[in-house]
Amino acid sequence: MHPSNNHIFIKSPGLATPSGLLLLSSVLLVAIVWALMSGAFQIRPMDMVGWVLGSQLDEVSRNVLLNIRAPRVLLGVITGAVLGMAGAVMQALFRNPLAEPGLVGLSAGASLGAVLAIVLTGGGLLLIGGFAFLGGLAATFLAYFLGKRSSHQSGLLLAGIAINSIGFGAMGVIIIHANDAQLRDLTFWNMGSLASADWAMLAWLTPWSFALIAFLLTQWRVLNALLLGEREAYHLGFHPVRLRWRFITLVALAVGPIVAVTGGIGFVGLVIPHLVRLWLGADHRWVLPASGIAGAIALTLADWLGRIVIAPSELPIGLVTCLLGGPFFIWLLLKGSRAHE
Amino acid sequence: MSDSSRNLSLQDVTVFRDRRCVIPPLSLSMTPGSILGVLGPNGAGKTSLLAACTGELPLSAGEIRYGVRGLNPKDARSLARTRAVLPQQSQLTFNLPVDQIIQIGAYPFPELSPAQIKLWFERVVECVDLDGLVHKPYNALSGGEQQRVQFARVLLQTHAIAHTQGHAYLFLDEPTASLDLRHQGRLFKTIQQLAKSQVVSIFVILHDLNLASRWCDTLLLLSPDHAPLFGKTADILTKESLRKVYGVDMQIQPHPFRPDELLILADV
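Protein chains in written order, with my numbering: chain A, 1 to 341; chain B, 1 to 268.
Everything labelled a hint here was simulated from the structure, so no lab data went into it. Bear in mind the structure is a predicted one, so any value in this text is a computation, not a measurement. Treat the hints with caution; some may be incorrect.
[As the list claims (entries may be wrong)] Which chain B residues face chain A? A few, computed with CB under 8 angstroms, are given here:
# : residue
1 : L79
2 : F94
3 : Q100
4 : P228
Glycine included, C-beta positions come from ideal geometry on N, C-alpha and C.
If we strip away everything but chain A, and leave its shape as in the complex, we get (with noise of 0.2 angstroms):
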């Protein structure tokens, strides 16, 4: 909205943001070409090197790198960055360093949204994705009035643990009412996987999604002012009502049919952007790109550790997240109370 001229002048001391930036992207690129040779069938480095200066690789290779695990790691990429950047977003709006798509309950909104299309439906991405959106776009604004009551955090979070039960309650109703072959498509999403991913999907999920982030990355002197405060970003010109709408509903774009497509992976909303703050500190001029670029590689090595641990078994990605993240919003919750104290 802004051209982005000003507030260059003064610089930060410790490490110069931009060159954070540049530091995680060449870790996502290692990240990249790593998971897309380890696993359960490796592909030699030196193969690699070969195949890009135009050698040919052997036929399974070759299948397997651009077949299965190319779409899977572009699909970590992009769920990775719109969750990380989500979640930053999401963190400004509400004011509240515990939102986050999953913890919200955005992502039992696109879930439950998604599980209806298929139902109801017999299923098509355009439906799907619609019907996710639509659920999560609803399940974010219940539960940002329904945290604006209390006044202290917790607030949200209680409102976040209401939406997931009714949502969860609702999806085992119509899972139930399912039959054989709609419960096949079903079973992916209470896992959080990455294994469905192919390119005729990836062909629209990733132009959408990456024309939402470019949108997001632009918002960033929005978010600054809202973390003075919704008056205060009144007064710099940014409209509050607006903004809740403009934000949630850029969020619930993003994320809806990136759930429809992943099922429920959480936490990384919550973890990156903390990570980040920790590191660049909190302005969104560096926080936005930071959280999407650093929600990537988390997910790009998460999805390689579930494949190679049980190996040639594979453990869903949302298991790893979950056994990662939920002792870091422990560790979150222990140092807010001793903060409050």
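Once you have looked at the hints, place chain B on chain A.
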């Protein structure tokens, strides 16, 4: 005589909240380059009036004009390019360094050059005496230092408004509440300079009658039970009106240092 097309004018402004009248019908006009002090006991509606003037609180009746333009609360963007507001307290969700918070004041003006903003940045940092603190995280500062940071941010926005629009309106809600004596004086000297330059009109809520007497050109004395009083500072600060509004006896005498000003002592 100053240019009346820059007046902030209130015409029969009335605000009801939960069916309770928080602002009775009020009409007044604030001339450019003046400092209007708003006084009154707790619950008299000072902050509500400020919120009504800045667009936060919808009017139940009446009209507010910034110069020739009517106040349109929905148009947050052009309001931010017309007036700057310093609220009583601002809490940060996440910690930002002081220099970044101050620069947020320039957000409504993306067209300004970094060099121009840097100039104002240095000036406001000097004005509020924050030189050694610009790289410190906000949450590590004391209450008074935080208030000065917020004032610097609002001051930067005021400079940008005055520069681009020719005139700025500045609203301050108890800006000196947690400041020590020296910084209280500094703050008022700063806003007095702004007012004298004729390009900024200032609306300031105060509790300290002596600060009001020392720095304000006109006063608005609000009361929950009586009609508001508006006029020149010396006309408003009388024993009778103060007793009526505050219910406290006051002693008013010439100031020992500045004989043309008043010293007000409350008998409480």
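How about B:F94: closest beta carbon in chain A under 8 angstroms, or not?
holds (4 angstroms)
- Does B:P228 pass the interface hint, meaning its C-beta sits closer than 8 angstroms to a C-beta of chain A? With a closest approach of 24 angstroms, the B:P228 hint is violated.
Exercise for the section: Would you check whether B:L79 satisfies its interface hint, that is, whether its CB is within less than 8 angstroms of any CB in chain A? Expected result: With a minimum Cβ separation of about 7 angstroms from chain A (threshold 8 angstroms), the hint on B:L79 holds.
Practice task
Could you check if B:Q100 really has its C-beta closer than 8 angstroms to a C-beta on chain A?
Solution key: holds (6 angstroms)
Hint check: a violation occurs at hint 4 only; the rest are consistent with the structure.
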